[in-house]
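Here's the letter readout for the chains.
Number of protein chains: 2
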Amino acid sequence: MALIVQKYGGSSVADADHIRNVARRITRAREAGNDVVVVVSAMGDTTDDLISLAQQLVERPDEREMDVLLSTGEIVSSTLLAMTLKSMECSALSLTGLQAGIHTDGIYSKAHITGIEPLRVVEELKKGNVVIVAGFQGVNPNMDTTTLGRGGSDTTAVALAISLGADVCEIYTDVEGVYSADPRVVTEAVKLSKIGYEEMLELATYGAKVMAPRAVELGQVYDMPILVASSSSAAPGTLICKEASMELRNKVSGIAHDTNVAKITVWAVPNHPGMAREIFVPLARANVSVDTIVQNVGGDDVTDVTFTVARTDVVKAMSIVEPVARTIGAARVTADETLGKVSIIGTGMQNTPGYAARMFNALAESNINIELITTSEIRITCIVSESRLTDAVRALHRAFDVEFRQSE
Amino acid sequence: MALIVQKYGGSSVADADHIRNVARRITRAREAGNDVVVVVSAMGDTTDDLISLAQQLVERPDEREMDVLLSTGEIVSSTLLAMTLKSMECSALSLTGLQAGIHTDGIYSKAHITGIEPLRVVEELKKGNVVIVAGFQGVNPNMDTTTLGRGGSDTTAVALAISLGADVCEIYTDVEGVYSADPRVVTEAVKLSKIGYEEMLELATYGAKVMAPRAVELGQVYDMPILVASSSSAAPGTLICKEASMELRNKVSGIAHDTNVAKITVWAVPNHPGMAREIFVPLARANVSVDTIVQNVGGDDVTDVTFTVARTDVVKAMSIVEPVARTIGAARVTADETLGKVSIIGTGMQNTPGYAARMFNALAESNINIELITTSEIRITCIVSESRLTDAVRALHRAFDVEFRQSE
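Top to bottom, those sequences are chains E and F.
Residue numbers for the first sequence follow this note's numbering, beginning at 333 and rising by one.
Residue numbers for the second sequence follow this note's numbering, beginning at 333 and rising by one.
Please note that the accuracy of each hint is not assured.
The list treats identical chains as interchangeable, and a pair is accepted whether it falls inside one copy or across any two copies.
Said to hold, decoys possible - Straight-line alpha carbon distances no greater than 25 Å define the calculated DMTMM-like cross-link-like pairs of lysine to aspartate or glutamate that follow:
(1) K526 / D381
(2) K583 / E549
(3) K418 / D476
(4) K458 / D476
(5) K526 / D645
I should point out that these hints are in silico values taken from the structure, not numbers from a laboratory.
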């Protein structure tokens, strides 16, 4: 008998049929002899509906009131799920974030969990109840409701699992698990049976669609195994956990890609000390995150400085860099927004130069030009033309296909 | 400077325009230098929508979960009103029933308030906030949400006013106050400037449309003045309070009427002791409330027993009385559902036989036959044919018109 925390997202409880389906899954976990705590999101578009209700009245609604308003969405779905379970002869009750003892800081709309005192949850589990907790919410030290922002219900689930000492935290969503690449791009993408926390985090945009990165980080810190699976199928899903064995380390886990990338080049920068500082300190002050920086040392006294930013930050970045370029005597500044980013990810690549070579080779064979290269301990990323991005993802998936299969 | 508790019903906060209107009324009360606590109901049809959402899933939803579900309706409207006030530069915040310290017993769906600890309300008033309290809800000793049932928000408002020592509790609704008769029946009906608690309670069905009788009773016990007024007009409304002076006592306050009445007659009951018990004990056991009982002593050894019940209880009552009638040897049982009830109400009528005479005279002059008569200390009621009920209300209103005018 295990203690399981399950989380169901908004699309999994969008209407009566979906709620009944979720209730049946919970009763099966219960009948298998497990103690079950469930975290639910608000039904379907509820949160958006509540936001537009508020905006009909006030352009910029007060954040304290907004948090109380939005928290009702999860309370509604938690009660509906609890009453459905009871009607199926499965003892259950709903608890609000307050009742579940979820304490947060006072930052409305994106509060952080500061601690959980799940006394009531434990008490109700002892009585034999399935405990349904309204996700996405907690209370600040003043006992006012706060919401946890993006990915809030995932975070509620993982944090509750940790504080209860659960055996596993199961995140049920509308995908079957984590794939070796985005299945909409690579039809041969393979569902991974396991992935490490860091690798999951490196999947970046694609990974974030599957589950909230802050919840993965929380799982990593406390070593809580997280199962990501579909709420509408019996397929086994993907377990996010510490790397299982040495044997499994020497591999690539997945291919990630992202189009939210742009390249800015400052041409013919006078090549003497302090130039990098002149350009990048103002960007940092303006909260523009710079990803990769490449300096092409030319033959003369000038150099070209190239860096990437999120495409959404290009206008802001250009407005900062252009006056700086004039001041330092650079020739001109150009921006290229027609780029994409493709990465191979895997804990096993560390200190294994062969992976970079295989990646560059695969791209070259497909005649894809690499604009920039950046690496982390478990990731190698190439910036390529956006028009070739999908080709790049597919080429890399083919090149490392054997490794994905090993992980199954 | 006064402390005022205001309550706004569901129709007064049904949409954005109505909420803005309510917010403007509150700012005016605030600008006049008052401390203001506001109790709100759920917007328009919200409660019905939540009920049907639950019933899509479960035929008879669990009452604990239903109460948590329904309580979200008032939380939503309280936050919307608070953020609207803040956007008008009026400091405000919303509190749930729990936060406002509203403690109840554990009877889900129709909980009773056992006590209020309004510490947070007092604290926020001291900070200069308008405090918006979600009506209709409280928490039981286990800190689980309960709802107060029919008229819950009126009860929240009066109870909060009492616990805070407010100067007045103002109930804003879609009528302009309490009238001398139902204005839809008697066009000349006069809005009363004042009415006693008991008189308000005797207005029964008509009065209950204006405000919840249980809230009036609560006001009576603690002597809290209650102003009933329209949320969409500046008209002064009706003050429900202790009778103001001896001078005002000698009068009729209003005419009430009701069509939910039926007459059952048991014919030719053998006239010996115990017969009444044989008929009425089984009815009481079946929870059928009997209003008036008349026994017409005939010349022989038999008597006819007539009584009234709510029209909605006729089928149940007949199914109980018919076998009893056979057992005790009565001739037959008949039911007449084509009846109505009309009453004159006024604290001043006590020990003043002239009022009954004037009532019977007025009905006789309009050629309206009286089927049954029943009285309480402050009420004289006649049962008449339903087809003549409106005529009866109008005739009585004309007969006592001078007295209503005095109360203005």
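Homo-oligomer pair classification [D476, K418; C-alpha up to 25 Å]: Classified as between; 17 Å across copies, 30 Å inside a copy.
Alpha-carbon proximity context of K458 and D476, limit 25 Å: between (28 Å within a copy, 18 Å between copies)
Alpha-carbon proximity between K526 and D381, which holds within one copy, between copies, both or neither at 25 Å: Answer is neither: 37 Å inside a copy and 43 Å across each miss the 25 Å cutoff.
Status of D645 relative to K526 across identical chains (alpha carbons, at most 25 Å): Intra 34 Å, inter 66 Å, cutoff 25 Å: neither.
Homomeric proximity label, K583 with E549: Cα distance no greater than 25 Å: within (22 Å within a copy, 76 Å between copies)
Hint check: violations occur at hints 1, 5; the rest are consistent with the structure.
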